[in-house]
Every structure is written in C-alpha cells, then in structure tokens.
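All chains, please: the whole structure from these sequences, using the hints.
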Amino acid sequence: MNDPEFLTLLDRYLNQMLSAEEFAVFQNELKSSSKRRNQLVCYSHLDAGLMEEGGALALEEPNVVEIVSKSISHSVGPWLAVAAAVAISALTFFGFALHENTEPMGHGFAVLTRTVDPVWKSDAYEVGGIIPKGSLQIESGSLQVEFFGGATLVMEGPGNLEILSASEAFCHKGKLRASVPPAARGFVIDTPNGKVVDLGTEFGLEVGEAGVPEVHVFEGEVEIHNSLGAVQTFYGGEAGKGEARFPADVNSFLSTSDLNAEVIESVESKFSAWQRYSRELSRDERLIAYFPMGNPDLLRRRLFNEAPTGSEMDGAIVGANRVEGRWIGVGKGAVEFTPTGSRVRLAIPGEYESLTFACWVRIDSLDREYNGLYLADNYQPGECHWQLQKDGRILFSFLHSPKVNFKSLSPVVWDISKSGRWLHLAVTLDLEAQKVIQYANGEVISEHLIDEKFQIGKTRFGPGELGNWGFPSSPDKESFAIRNLNGRIDEFAIFAEALDSAEVLEMYTIGNPQ
Amino acid sequence: MSLESENNNYEQFVKLFSKHEPGLRRFVRSLIYSWDDVDDVMQNTGLVLWRKFSDFDPETNFMSWACVVARFEVLTWKRDRARDRHVFDDDLIAMLAEEVDAECEKLVLHRRALDRCLAKLPDEFRRVVVAAYEPGVKLNEVAERIGSSATGFYKKLRRTRESLMACIEAEVARQEGGSI
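Residue numbers (this note's numbering), protein chains in the order written: chain U, 19 to 532; chain V, 22 to 201.
What the hints contain is simulated information worked out from the structure, not anything from laboratory work.
Among the clues, some could well be false.
Claimed, not checked - Taking lysine-lysine pairs in the DSS-like style, the calculated list, with each CA pair at most 27 Å apart, reads: (1) Lys36/V - Lys53/U; (2) Lys127/V - Lys49/U; (3) Lys471/U - Lys425/U; (4) Lys151/U - Lys191/U.
Dropping the structure here:
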C-alpha cells in the first residue's frame, strides 16, 4: 500500500468511517509496518490533542454568531454554510460564554520594533507584532526587540534568541546590544554558560559556538552569574570572556541608532523604488482616479488625483487629518479618518464595465459595525460599497436593483493583533467574467462568481467617499450613519478594469513598506 | 490506614491523575477506534488506578505505571467486544503500545508543538478544527448538518490534519536543530 492510500485509510479511521473490510485491511497494513504504526500513533495523538484544544478554540472564534443573523447570498462559497452551522452549534453549546469573554487579550512578552533585511530561521514576525515566548532566530540581517519590561535589544544575524518573559531572554548564539533603562533594571539574558544580569545600563553580549558569553559594558554595571553560583561584576568600559579581561569595544556592536540609520537607508531605497513605480502607474490609462499621497501636504484639503483623468477627480478632504504615511521619515503622506466626521469626498462620473479598488490601509481598530474604505453615497443600482466589518472581514457589495444586493464577504483579514500595521487591500469586479476577487497583501483571499440574478452590465460611482459613509443629503436631514475608519489610508487607486492577480501582487510587493 | 493518610493519598492521586490524564487519553486513543470507547476505557482506568494506587511506588514514573494499567483495561474492554469488528487484535495493541512507549519523548514534543501550530493556523482551517473537535459534538452530525458540502468538509478536515502534522514535524525538527 502506498502512502496516499494509507493516509486516506488513516483519515477515515480517525473519522470513524471505516467499513469492517477496510478496518481489516488497515489492521493488516499496521501489523506489517512499523512506519505505519508510527503514523497511526502520531495522528491519534494529534486527534486527541485537537480534542483537548477544540473547546478553547471555539471560544476564541470571533463573532461567529454574526454570520448566522445575516442572510448569505448564493454567490458566497459553500464554506460560509459550514461556518454558519458551526456558529449555531457554538452558540447553543457555549451559551453565554461567548458574550462574557469579550475583552480582547494579547499574548506575548515583547514587540518587534525594527528590522533590517532579516532572513528568518524561526517564525517570521512583522514590525509592530507582539512576540510570544519562544525562539527568534535570524540567519542574517538585524532586528530590534522591545521587551514589555522596558529593555531594548538589538540583535545581529546570525543569532538565536529565545524570549522567556517580559524581562528575560536566552541567547543561544549571536551578538546583542542591550539598553536597559532604570525602569527595566534586573533584565536577564541567559547564555549556555551563565546568566548576564543587568543592573541598569547599556552593554554588548556575544555568544559564539562554544557558548561562552563575551560581555562589553558601555555604561553602568553588569553581573555574570555562572552555573556554580560565582558572580563577576563588570563596570562601564570593561569587557571580559571567561577569565580574560579587556577594554569594552563600543563600535563592534550595532546600537539602536545604528539600526535606525540602517532602517532609514532601507526605507529610503524602498520608498524611491515605489516612487518610480508610482510615477509609471500614474500614466496608466485604465485609472479612473489615483491618489498616491506622495507628499504630506499637511495643510492642503485637496487630495490630488495623479491619474490621466486629472484634477476633475481630485478628492476633498473633510475633517480627516493629513498624517505620515506607511514609510517612516521620508515625507510620505496619508489620510487619517479617526475623527468621526472624517471623509474624502469624490465625484466620479461615467459607467464602467469593470473596476478595481486598491489601497494601503492601517487599521487601528474596527469600532463601527461597518468601517468605510469607499462607499457610494446613494447606493443606486450599479454602485458599490467597499468596507470592513467589525469582525475583520471585508465586505464588497453592489446593488443590482432596489433591495437586491450582491455581497462578497472575505475571510477575516484583521484582528486587534494587527492594529497599527499596514495592510494592502484590493478588490476587482469583473463584469465580463461576472466575478469578484478580493486580495489582501497581494494574495487572493476570496473569489465569488456572481449568480445570474445579481448580474449587472455596468458599474458606476456617482458621489461617494473614502473612509466613511453617511451624507446628510438635504437641509432637513442632518443625521447620518457613522462608518469612519479608525485608521489611515495611504495610496488609493481606482481602475476601470479588473486588474489581474500579478498586477495586484506587484502593487503590494513594490509598495510594501517592510 | 488512618483517615488523614488516606486523604493525603487521595490528594496525591488526584494531582498525579489530573496531570497525566490528557497524556493517558492520547495513549488510549492510539489503541482504540472510537472516541466513545476511549471515554469508557478511560473511566475504568481511572477507577482501577485509584484502587491500586497503594501499589504505586512514588519513586517511579506514574505515567508508565498508568499506561500499563490502561493497556490492561483496553484488553479487558476488548474481551467484551469480541464481535465488534472495529477492534485491533491483541498483537497489534501490544505493538502500538510499544510504539507509543518508544516514541514517548517525541510525542510530548509533538503535543507542545501542536499549540504553536494551532496558533499559526489560518482561519479557514481553524474553523474546521472548531467544527470537528468542539466538545460534545459528533463528527457525522456536523457533516450531516452541512449537508451537500459534507464531502468538502471531510476533505478540508484531512488537509487540516495533514498541514498540522507537517507544521508539528517542522517545529520539532527546528527545536531539535536549535538546541544544539
């Protein structure tokens, strides 16, 4: 029996779906091969492990209940039906627990704050991400980690650091520079041959193949506790390894300011690559409107359309703040929609056979039921809405005819752990293929065929806005819905065609600030 | 035995048993086809372990002792099920028990890695795990409720298990590599 055949039987075994005949075949196969027995044992343990964790996972599942209460259009993949079924059972089984445990929880001990060209050997983390207990290992490049306890470490690759707590780490190998302000005093780095205890200072540490720590103290005081309990103390300017003593060499360890300089250099080169791409893109005849937000323009309330369609498509900034964009320190702008009245008004005439929306967005939190990206004011037949739901899914919809609403709902792309990080989102509406494809960070996240009863021939925009929805449309109607996005939009493009996946990926890759 | 020492004994037993219960259940699961039967055997094993707890030498390993008892309970349970054709024969049960014993350290690492792999699991797979492994829910009922897409669900469940296993193996290999 070959591997796939056996794995199929094994899978059916775990699901308790084997017929008596299949069971007999399965048993013979197991008896004849120790490799097969090992596979069974491993998978049975996995099965039991999942049984242990299943309940906890069900509780973590965000807002599954919501899916049930909404009608789901036919065009949405069969998977949602499963999710809905799950939601019903989760609801009935867990009852109130789903509602009681609503405070969001973070997990981890430190934050990754800077990286320069890291080549990861462990799981990769993004800048801004919270790092849990466990290994942080790079082949090359460098990174900066800020512990919740207050210490900052700069690590140069190759290095292997294990995060143990908010104020302790184990350095298996590599070169580190620690900066420990008074509030973080007592920060400990373990090494294979002794603990380095910081008494409030700045020091460098190198652990080579032999595992013996070499310590350089630049300022303050550091103790090394060896496994026998002996303590050696080093003061500013002193360095040592084993029994050897020598002067500390401040230049041989990358400092936070060195790292900052490297980060700026790398940001500048990425930014200028994007600038070239963006200039090229702005000549693309398929563009309806393109807001690269290349300059911060802090005081201007007009958002320049750089597409060939020109100033007629400029946006009007209302209430929103002009802020720094996704690259730090290069003078790139973005628009922040945090004040509730914030929006960028657009007026786009015409009818189109297809469209693409694409933008970079930094979501700080999803406070509203719906959080706007682009929404047409009146939502007339043929007009679109592109927004984020509170549960972290993206909803793209258009109106077919009064009350007949097509919806494409993506999987969850955002949760609170991604707060403050930049995300590239895109959606294409292809009326030739009658298909909606959603993208996040250059990858397809959902693909929905438009069922015949929802199909439209043309799409249009009319008056609409970025970052909010709810327009007080007449003098006696001053109340409006609030769908402002608590976050920033940087670079927004609208095309009159459905871009293909390679083009969306290119936009993401070249525009990615990390 | 005085009442006090019996209480102490009981406390010690509860401590040890609750610590090792999940591991023991994983062991039993490796020998038995149906989860319902695993639960029955576990229940009996718990009783027998408590009854025989005075024989247990605290200097030795509770888990190995408990596995011996559990294996015996599996055979006892099996005798009542002679006609059920979804039961492994005694030879295979012995072989599997040896396999678990031989791989015991690796399986502990696997279990630890599973937590990390679950944390990294993409949402679409996570939902499959929630559906299939929610306490008190039977797989065939879940599939029935889903109706026509049940086949798709089973496929997805298989992919979920396989990708978790691949992640676990990579995770364990990396830890072994990293600790050198």
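Each hint, compared with the structure:
no.: 1; hint: Lys36/V - Lys53/U; result: 35 Å, violated
no.: 2; hint: Lys127/V - Lys49/U; result: 22 Å, holds
no.: 3; hint: Lys471/U - Lys425/U; result: 12 Å, holds
no.: 4; hint: Lys151/U - Lys191/U; result: 17 Å, holds
Checked against the numbered hints above, the structure breaks only hint 1 and satisfies the rest.
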